[in-house]
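Undergrad: One letter stands for each residue in the lines below.
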Amino acid sequence: MRIEVNGKPQDIQARTLAEALAELGLTDAVLATAVNGCFVSSTERDEIPLQYGDRVEIVMPMQGG
Amino acid sequence: MNFYGVDLNCRLMLGTAQYPSPAVMAEAVKASGTEVVTVSLRRESGAGRAGQDFWSLIRALGVRVLPNTAGCRSAKEAVTTARMAREVFNTKWIKLEVIGEEDTLQPDVFGLVEAARILAEDGFEVFPYTTEDLVVAERLVEAGCRVLMPWGAPIGSAQGLNNAFGLRALRAHFPEVPLVVDAGIGVPSHAARAMEMGYDAVLINTAIAKAGDPVAMAAAFARAVEAGRLAWEAGPMEPREMASPSTPVIGRADLA
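Protein sequences appear in the order of chains A and B. Mapped onto the UniProt record's numbering, the consecutive letters of the first sequence carry residue numbers 1 to 65. Mapped onto the UniProt record's numbering, the consecutive letters of the second sequence carry residue numbers 1 to 256.
No wet-lab data here; the hints were simulated from the structure. A virtual CB, placed ideally from N, CA and C, is assigned to each residue, including glycine. Do not take every clue at face value.
Calculated from the model, a selection of chain A residues having no Cβ within reach of chain B, i.e. all distances over 10 Å [claimed, not checked]: (1) Gly7; (2) Asp46; (3) Met60.
Partial list, derived from the structure: chain A residues whose beta carbon lies under 8 Å from chain B [said to hold, decoys possible]: (4) Ala14; (5) Ala22; (6) Thr27; (7) Ala29; (8) Val30; (9) Leu31; (10) Ala32; (11) Ala34; (12) Val35; (13) Asn36; (14) Gly37; (15) Cys38; (16) Phe39; (17) Ile58; (18) Pro61; (19) Met62.
Isolated chain A, as found in the complex (with noise of 0.2 Å):
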């Protein structure tokens, strides 16, 4: 399934967020999610099942002023 993975296009086997996340090699990373622009916190992870073109955000902590 093709989904977009901050910005960019992606093919996924994931069903879920949190079956991305695994995917993309991120289980333990600190990290917040969002899709299609509303959050998604991790124990809706689980509980969210990804839709073809849907816009997933992943963000980490970063310098900030």
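Please build the complex by placing chain B on the supplied structure of chain A, with the hints as guidance.
TA: Just chain B, lined up with the frame of chain A:
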């Protein structure tokens, strides 16, 4: 100084961006004596090691973090970013930025108030990056903000306090609200001036990170902030238009 029930001793807050290296940033944080640093969230390619390493470094410094919503251009974006930051950084604090203009990075104060209200109702403790506008400040306080962060000048401009009159008016109008000058400060004397005006703290990033020696500059800012605060507490004299002799006139010898 107290932000949302948290007592802080140091009145200098630091941003963590644009340093020559993570090691220099860490040394600057130590030299500044700060207890609060700002952080952000960004996309990262690959397995995200840089972000994880950065977060480990910040945690090792033992300082409190103030996540920002830098780069957001709508209330919706800022609210979503704030919720992401709360989960990642495990804090209710959020430095709320809603940018409204590209050249000046001026806050969109309408979106700012809207986002502040949503976040305060959701349990966030909001530090809004705002202008010195009194009416906007009133709306932010009404929305639930218990700290205000007016700009001194556009972000990264090093212009200092562009509207000292407006900043003084804001200080006078909100004597009980902690006020932090955020953005535009270029040198320690700008920070000292803000503190002499009665501001509770200053937040500095570029002026330290882009200095020739960021660690030394962090120490310089720490001293300026301390001196400015001490001066405010000591009660600065009122300026006057004309000279007034400091040496007593009475008793002067007649040597004409």
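Undergrad: Against each hint, give a clear statement of whether it holds in the structure.
TA: Hints and how they fare:
The claim that Gly7 of chain A lies off the interface is violated: its Cβ sits roughly 8 Å from the closest Cβ of chain B, which falls inside the 10 Å cut-off. At roughly 15 Å, the least C-beta separation between Asp46 of chain A and chain B is larger than 10 Å, which holds for a residue marked as non-interface. For Met60 of chain A, the non-interface assignment is contradicted: its Cβ lies about 3 Å from the closest Cβ of chain B, within the 10 Å cut-off. Hint on Ala14 of chain A is violated. Least Cβ distance to chain B is approximately 16 Å, over the 8 Å limit.
At about 12 Å, the closest approach between the beta carbon of Ala22 of chain A and any beta carbon in chain B exceeds 8 Å, and the interface hint on this residue is violated. Of the supplied interface hints, the one on Thr27 of chain A is violated, with its beta-carbon coming no nearer than about 10 Å to a beta-carbon of chain B, more than 8 Å. Taking 8 Å as the C-beta cut-off, the interface hint given for Ala29 of chain A holds, the closest approach to chain B being about 5 Å. At about 6 Å, the closest approach between the beta carbon of Val30 of chain A and any beta carbon in chain B falls short of 8 Å, and the interface hint on this residue holds.
For Leu31 of chain A, the interface hint holds, since its Cβ comes within 8 Å of a Cβ in chain B; the closest pair sits about 7 Å apart. Given the 8 Å rule on beta carbons, the hint for Ala32 of chain A holds: about 3 Å separates it from the nearest Cβ of chain B. Hint status for Ala34 of chain A: holds, given a least beta-carbon distance of 6 Å to chain B, under 8 Å. For Val35 of chain A, the shortest C-beta to C-beta distance to chain B is roughly 11 Å, which exceeds 8 Å, and the interface hint is violated.
With 8 Å as the threshold, the beta carbon of Asn36 of chain A stays out of range of chain B, its nearest partner Cβ sitting at about 11 Å, so the hint is violated. Using the Cβ-Cβ criterion of 8 Å, the hint placing Gly37 of chain A at the interface with chain B is satisfied: the shortest such distance is roughly 7 Å. Hint status for Cys38 of chain A relative to chain B: holds, with the closest Cβ pair at about 7 Å, below 8 Å. Annotation: interface hint on Phe39 of chain A holds; nearest CB of chain B at approximately 4 Å, less than 8 Å.
Nearest Cβ of chain B to the Cβ of Ile58 of chain A: about 7 Å, under the 8 Å cut. The hint holds. Residue-level restraint check for Pro61 of chain A holds (minimum Cβ-Cβ distance to chain B is 4 Å; threshold 8 Å). A cut of 8 Å between beta carbons decides the hint on Met62 of chain A: the least distance to chain B is about 4 Å, and the hint holds.
When each numbered hint is compared with the structure, violations occur for hints 1, 3, 4, 5, 6, 12 and 13.
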